[in-house]
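Protein chains in written order, with full-length UniProt numbering: chain E, 1 to 307; chain F, 1 to 303; chain A, 1 to 240.
Misleading hints may appear alongside valid ones.
[Claimed, not checked] Label pairs and their computed distance ranges (CB to CB):
id: 1; chain 1: A; residue 1: Met1; chain 2: F; residue 2: Asp21; range: 37 to 43 angstroms
id: 2; chain 1: A; residue 1: Ser155; chain 2: E; residue 2: Thr173; range: 52 to 58 angstroms
id: 3; chain 1: F; residue 1: Ala302; chain 2: A; residue 2: Tyr2; range: 52 to 58 angstroms
id: 4; chain 1: E; residue 1: Trp243; chain 2: A; residue 2: Met1; range: 49 to 55 angstroms
id: 5; chain 1: A; residue 1: Thr204; chain 2: E; residue 2: Gly236; range: 40 to 46 angstroms
id: 6; chain 1: E; residue 1: Val82; chain 2: A; residue 2: Thr204; range: 41 to 47 angstroms
id: 7; chain 1: F; residue 1: Asp21; chain 2: E; residue 2: Arg55; range: 36 to 42 angstroms
id: 8; chain 1: E; residue 1: Tyr28; chain 2: F; residue 2: Ser247; range: 45 to 51 angstroms
id: 9; chain 1: F; residue 1: Asp21; chain 2: E; residue 2: Tyr28; range: 49 to 55 angstroms
id: 10; chain 1: F; residue 1: Gly27; chain 2: A; residue 2: Tyr226; range: 35 to 41 angstroms
id: 11; chain 1: A; residue 1: Lys195; chain 2: E; residue 2: Ile163; range: 54 to 60 angstroms
id: 12; chain 1: F; residue 1: Glu291; chain 2: E; residue 2: Lys304; range: 49 to 55 angstroms
These aren't lab readings, by the way, just hints derived from the structure by calculation. All values derive from a computational prediction rather than experimental measurement. Just so it is clear, CB atoms sit at the ideal spot from N, CA and C, and this is done for glycine as well.
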Amino acid sequence: MAVEQPMRTSAAPQGDQTRIHDIGYRGYDGPRLGRSYARLSLYSQSLRGAYGLGRSLKSKVLPMLLFAVMCVPAAIMVAVAVATKAKDLPVDYTRYAIIMQAVISLYVASQAPQSVSRDLRFKTVPLYFSRPIRAADYVQAKFAALASALLVLTAAPLLVLYIGALLAKMDFTDQTKGFGQGLVSVVLLSLLFAGIGLVIASVTPRRGFGIAAVIAVLTISYGAVSTVQAIADAQGSTHTVPWFGLFSPVTLVDGVQSAFLGATSAFPGGAAAGPSHAQGAVYVLVVLGLVAACYGLLIRRYRKVGL
Amino acid sequence: MTTLQLDHVSRWFGNVVAVNDITMTVGPGVTGLLGPNGAGKSTLLNMMGGFLAPSTGTVTLDGKAVWRNEEIYRQIGVVPEREAMYDFLTGREFVVANAELHGLGPKAAARALATVEMEYAQDRKISTYSKGMRQRVKMASALVHDPSLLLLDEPFNGMDPRQRMQLMELLRRMGDEGRTVLFSSHILEEVEQLARHIEVIVAGRHAASGDFRRIRRLMTDRPHRYLVRSSDDRALAAALIADPSTSGIEVDHTEGALRVQAVDFARFTTLLPRVARDHGIRLLTVSPSDESLESVFSYLVAA
Amino acid sequence: MYDPTVARLTYRALLGRRRALILGALPLLLIVIAAVVRGLAGADDQTAADLLGGLGLATMVPIIGVIAGTGAIGPEIDDGSVVYLLSKPLKRPTIIFTKLIVAIAVTMVFSALPTLIAGLILNGNGQQVAVAYTVAALVASIAYAALFLLLGTVSRHAVVFGLVYALVWEALFGSLVPGARTLSVQQWSLAVAHKVSGDQTLITSDVGLTTATVLLVAVTVGATWYAGQKLRSLTLAGEE
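If we strip away everything but chain E, and leave its shape as in the complex, we get:
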């Protein structure tokens, strides 16, 4: 009977009947692709997982549904514009994401915990870190993946609008400029939401808590800020409205795009309540600062994960 033992063994032979038989087991001598490949793989796996690809059927339902819900109104708008031969789209490229923020929030709330909570709950994070991957790589891969997923979610309807607008023979430069502005805005939005979502989700190993916490933070912050802004506007202190917009992710993006990207502000009080260029600069700083802070918090979080 063949004794199955690896070639490198230190078992001492016990008698002359003992033999170690070579049945062809070999170690792997081929090229090892290194850290960046591992990071890229984690990124692509997380990105695909955010849309349920590579996972069970049940986990595909919600992301795909939300994706459809995001794109369908854009398609309808395009159809209407083509049919009525309108000169302009009913909704600005930059305004679309603000209108659909509930869908975006729901998406982040459901996919951020899916991305990081399972690893925490089943304690597989140490398995990642016992490979060439470092904590920074893990965080970068997950952050980039969720931000990319959000970008797909928010940019796809913009693409639909753009193509539709071109098909409806609207002004090319106008539409391209609007599309470009919209893209920049959703890039910022994706980074910000992904960061916030991941930070909150990585705090708890329980997925349900993570989902609830992300929804709560995003919704409540927006609700509180817009309530206060409405009151301020109604009371005639419209100049204070932009300052309040700094306290919620959606209003932050809204502020940036109305200061620099040619959007009309969605704050109560209309265009007059939009931030000036100086205030807009503060907005940009806060957005970038928040993204950096989220990244830093995540790195700190994953330094502390142990067996």
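We have chain E already, so just place chains F and A on it with the hints.
Structure of chains F and A alone, referenced to chain E:
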């Protein structure tokens, strides 16, 4: 004298039958519930403890149903397998809370803690305890109301050898006092050392029950194996193989003994001394080599 | 019907450090916003009513109710430590009722008290607005705690469902679909607030006072009873 009676109990989860028509009686003393992983031991214990309803059949304690009957817990102490407890409490607070829920006071809790020898750590939070310490606090919480039936789900999980000996001693004492103690395990040595009576569950079915040596006797389709050393092995071998009660003899040079397979146990036991005397061979060692629980168990599981 | 040990265990589990922080964050936010608005706009009855109603009663109270109601029993069932309560000669409805009392108390403290403080900051109880919303918060606390305790007993995803109810149903549908308003705890408690407030036009409800009271009592009693029955047949299925 508390007797737990299971009568044609089955439990299925959708298409999966976890427990399949089990009838058993658990009486005073220590009983071991033995079975491979996934055999249905936990399901059975949960049904005995009133935490799961049988799909068919009844589970009764001294004639009273266990399911949906809160009063029965005066007589039952449960040591669950799961580690989760109220981690923010200290050991003493936890046992005292359990005592109060039974209507008893801190004295009962102190007694229980002394029984499991956890007094030295009773004022530390449970979240700082090791696994063995948690098990002992769980035991204390189960003993605090002096129950006549103790159900333990894999109680030796994660215990170091000394703690295991202590717990075995405790359970043996409980059994000797006349309590009914039922514990589940898939580690044969533990069951062998502790339980007088075992119940073997394999794939949801009740495979065997009773003293494991007697179970072995009942397995007549497998030959019994013996290790025999004598003053003249070859001659003994020749004489034994002539008789139809043996089915195989192996001369083992390294051991310097004979390995005998006997198909007819009763006949072989009278044959061996007679043959030895007739041929003038002195018997030095006669020991059964497969009467351990391990072989019994592997035969049962493989069946 | 009430067991002090169960209450003590529930209370300590509920106000563990992390959950206490989360519970405290939202009321703190409300008070801060109230202070800001007062600084901006001065004392105004309508503003006070809007803020207390929109941010307080519609958002804060249900969320506190979710956290306290589900937190009183959900985590214990989830990690299995509820077995220590179930394996005692204690009637299951007693366990539920005791947990309900604790959940109600916690919800009241963390929602009604801040509502009162915020209201006083906003307009110093002009037109009884602050008191009216505090009463509404008290009443809503009872119903929410009962509802979410039931949810925590029957569902493993109670927190998610509860939040969806609080944020989507109460806040969104409640304002869009008129029929939904009759089925909203918020509207029932607003009916009570309407009775208490001095100026009857400030706080309105789509539900009459009698209907509201009946529904509040019915929901509370019904949810508690059903949770008690569910706990009697609670199944602990071994490892996950």
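When the hints from earlier in the document are held up against this structure, which numbers fail? The structure conflicts with hint 5 only, although it agrees with all the remaining ones.
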